[in-house]
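S.K.: If you want the building blocks of each chain, they are given just below.
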Amino acid sequence: MAVEQKRHPLIVSVSPHVRDRETVGRIMWSVNLSLMPALIASFYYFGPRAVFVTALCIISSVLSEYLFQKALKRQITISDGSAFLTGLLLGMNLPPSVPFYIPIVGSVVAVVITKQLFGGLGYNIFNPALIGRAFLLITWPRAMTTWSAPTAQFTALDAKTTATPLGILKEEGINKLIEEFGSKGDLYINLLFGNRAGSLGETSVILLLIGAAYLLYKRYITWHIPISFLSTVAILAWVFGGKEGLFTGDPLIHLLSGGLILGAFFMATDYVTCPTIRKGQIIFGIGCGAITMLIRLKGGFPEGVMFAILLMNCFAPLIDRNVKPELFGAVKEKKR
Amino acid sequence: MVKADTFERGVHPHESKELTAHKPIESAHLPRRVVIPLSQHIGAPAKPEVNIGEEVKRYQMIGSPPGFVSAPVHASISGKVIAISDFLHPSGRMVPSIVIESDGKDEPLPLEDNPDYLNLPPDEIKALIRDAGIVGLGGAAFPTSVKLSPPKEKPIDTVILNGAECEPYLTADHRLMVERPEDVVNGLKIIMRALGVPRGFIGIEMNKPDAIKVMKDATVGEGDIDVRQLKVKYPQGAEKMLIKAITGREVPPKGGLPMDVGVVVQNVGTAVAIYEAVRYRKPLIERVVTVTGRGVREPKNLKVRIGMMLSELIEDCGGLVDGAVKVIVGGPMMGFAQWSLDVPVVKGTSGVLVQTEEEFFPSEEYFACIRCGRCIDVCPMGLNPSMLSILSEKGHYEEAKEYNLFDCFECGSCAFICPSKRPIVQFIRLAKSQTKP
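From first to last, the protein sequence lines stand for chains Z and L.
Under my numbering, the first sequence has 219 at position 106, and the numbering climbs by one with no breaks.
Under my numbering, the second sequence has 785 at position 417, and the numbering climbs by one with no breaks.
The shape of chain Z in the complex, shown without the other chains:
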């Protein structure tokens, strides 16, 4: 051959040769950031215990991911923010008064068993933080259902224990709940701002919504899961939630209480464990809402968001297999 070929030190790869700047790390750290307002509110309401519990969760989560990956000689991925997020979410889902070993055990279960043993980020079937919490609830049911009253004093070390609004609603009825807060208006206001007993990060609805609005604006999450989840809860609460018969329930109390807002916007929307197709996500959200209300109204626990999301996580692969995106040209073809 007459024409000589020279090699140049050029990089060869498959198209596309330009990429969007978004990375897994950026998304995860943004979700962490979006939870900060509600987390800071929890420090205000529940004092140093809240700081202690969330810090312990985050440190144990990140450390257990690091040690596990180190031991198995895998790539260390703690900088992607997902172990941090699992720790943060687990902490926000715990009662502020839990003893120190609970956050540690919960984090190990969440990160090592639920995530890493399944292959790491992307391969886990269940939401790690929620499996961690479910494990703790079953193992230490008493500590996990002992709720501190909000003190609104950062220095208070010993908070008195009380029931959550959903606990009162379940055991003693709506009138007792209203009485506890003064009036119906005061009840709503306190629920909205988070001045009530509960898991430390779930209480401040308004600040959680600000974080959620940021995620929606950045398109890190879409409306499909939260809105279908919340509307199902609202409709079922209205229809079946009242003591005086059908259509007498108070949907607002159910929307503002428990872990619903935290769960619907920050946990049910976990990419890895929810369906990928938007239509499927609506089915997923409706399922979450229905199971939540089934447990709240008929189950043994006052709150059902955790089990609802975990049960629907099981269905996510099935939903993805059967709900497919609309193939270009396919619909028009049928109509023609």
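Keep in mind the hints are simulated off the structure, nothing from the lab.
Any given hint could turn out to be false.
To be verified - Within a straight-line C-alpha distance of at most 35 Å, the following computed DSBU-like cross-link-like pairs (lysine-lysine) qualify:
(1) L/Lys385 with L/Lys789
(2) Z/Lys437 with L/Lys622
(3) L/Lys789 with Z/Lys392
(4) Z/Lys437 with L/Lys522
(5) Z/Lys331 with L/Lys522
(6) Z/Lys289 with Z/Lys273
(7) L/Lys800 with Z/Lys186
As the list claims (entries may be wrong) - Here's a subset of chain L near chain Z, in silico, CB distances under 8 Å, partners left out:
(8) Ile410
(9) Val695
(10) Met702
(11) Ile738
(12) Leu751
(13) Asn772
(14) Pro791
Source: prediction; values computed, not measured.
A virtual CB, placed ideally from N, CA and C, is assigned to each residue, including glycine.
Following the hints, complete the assembly by docking chain L onto the known chain Z.
M.R.: This is chain L only, laid out in the frame that chain Z set:
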């Protein structure tokens, strides 16, 4: 807000067209030698019609089509045939090619002007287009005469000229429309006559307001030709997306073609080549190429002889800068990365993009799919790229067909948007190569 046509989904990569959008087309220097692949088109390779040592003139046919779906190739310079052998093609394959060394005289065969070209019968138009070796210049390089000869049972009622140029960086079609609007319109009229179609559109993305204006001016009084502005979105210039945007029709999946919805799409560059072929009998021996990116000293729009080596072409742009790491033939979304500069410009080469380290994303490192669903949100074909990439990664190629594997046309929107930086297009190509439609 002006009305703009578009399709559903898609992505918005940075356009980077400012490097060359305002630079008039210049002629590249006469190449010292050209490598003319016998296969620059979809279909059967041409058969060589010259021997080693033979003197050839510019415009001389040197490879003839052996079948209907094929195209001839022509000498783009005058000189001596010095080799007929396999040579590296921009697609990465070795392709039989004819190498011509220039005699420096650039002697042409005579052309003839037929001012009455618009009244030629359709069959003669198609024959002239075929003899000129014209193929789709947008990149796909499908023989144009075949596209203009649809079977009788597929009546065509609309011709669309594709001036979208949705690939970032590329401005060759943009400049051609700005500088030669009449020739574009005449090319469109020839296509409409060849097909017997009453309706023609020219679709242009709104990031080219100057091209929209001159094309509108050039079509004043042409009642059957409409210039449509398109939303700036990738892949707006993909045939199916363009047809959807302008006519609202959707080409059916599973191998459907534009002619199934009565449409023929041609690139604006092809239209100009058609005009030159039908009016002057000029074979396709040159095309406009955008040589761009921060890796070349002086990005330009160049009129280049087919077969010119990239190494020679880049000389015209002041050479490569020190940090140049990647050379891509085509645009950044669908183009081919080259490992050597000793590859020729072919008929389908719309651009040469040289990226520096800063522009280049290290694509060898990727992570597991986190199932965020962004790829599904952007896929213009309504596929599930996430699932396709996972199935291919695990070797489940047959199962990938249940997810419409073969409806993917590899636009790269999914891999562009993926936060895990997965090489989704590569996975899809792998699956396609391991199974049959």
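S.K.: All the hints need checking, so say for each whether the structure fits it.
M.R.: Here's how the hints hold up against the structure:
In summary, the hint linking lysine 385 of chain L to lysine 789 of chain L is supported, as the alpha carbons are separated by about 24 Å, within the 35 Å threshold. Restraint check for lysine 437 of chain Z and lysine 622 of chain L: the C-alpha separation of about 16 Å stays at or below 35 Å, so the hint holds. For the suggested pair lysine 789 of chain L and lysine 392 of chain Z, the alpha carbons sit about 25 Å apart, so the restraint of at most 35 Å is met. In summary, the hint linking lysine 437 of chain Z to lysine 522 of chain L is supported, as the alpha carbons are separated by about 31 Å, within the 35 Å threshold.
Pair hint lysine 331 of chain Z plus lysine 522 of chain L does not hold up; C-alpha atoms about 46 Å apart against a cutoff of 35 Å. Between the alpha carbons of lysine 289 of chain Z and lysine 273 of chain Z the distance comes to roughly 19 Å, so the proposed pair stays at or under 35 Å and holds. The suggested pairing of lysine 800 of chain L with lysine 186 of chain Z holds, with an alpha-carbon distance near 34 Å, which does not exceed 35 Å. For isoleucine 410 of chain L, the interface hint is violated, the least distance from its beta-carbon to any beta-carbon of chain Z being 18 Å, above 8 Å.
With 8 Å as the threshold, the beta carbon of valine 695 of chain L comes within range of chain Z, its nearest partner Cβ sitting at about 6 Å, so the hint holds. Hint status for methionine 702 of chain L relative to chain Z: holds, with the closest Cβ pair at about 5 Å, below 8 Å. Nearest Cβ of chain Z to the Cβ of isoleucine 738 of chain L: about 5 Å, under the 8 Å cut. The hint holds. The beta carbon of leucine 751 of chain L comes within 7 Å of a beta carbon in chain Z, closer than 8 Å, and the hint placing it at the interface holds.
Hint status for asparagine 772 of chain L relative to chain Z: holds, with the closest Cβ pair at about 6 Å, below 8 Å. With a cut of 8 Å, the hint placing proline 791 of chain L at the interface with chain Z holds, because the nearest CB-to-CB distance is about 6 Å.
In terms of the numbered hints stated before, the structure departs from hints 5 and 8, listed from lowest to highest.
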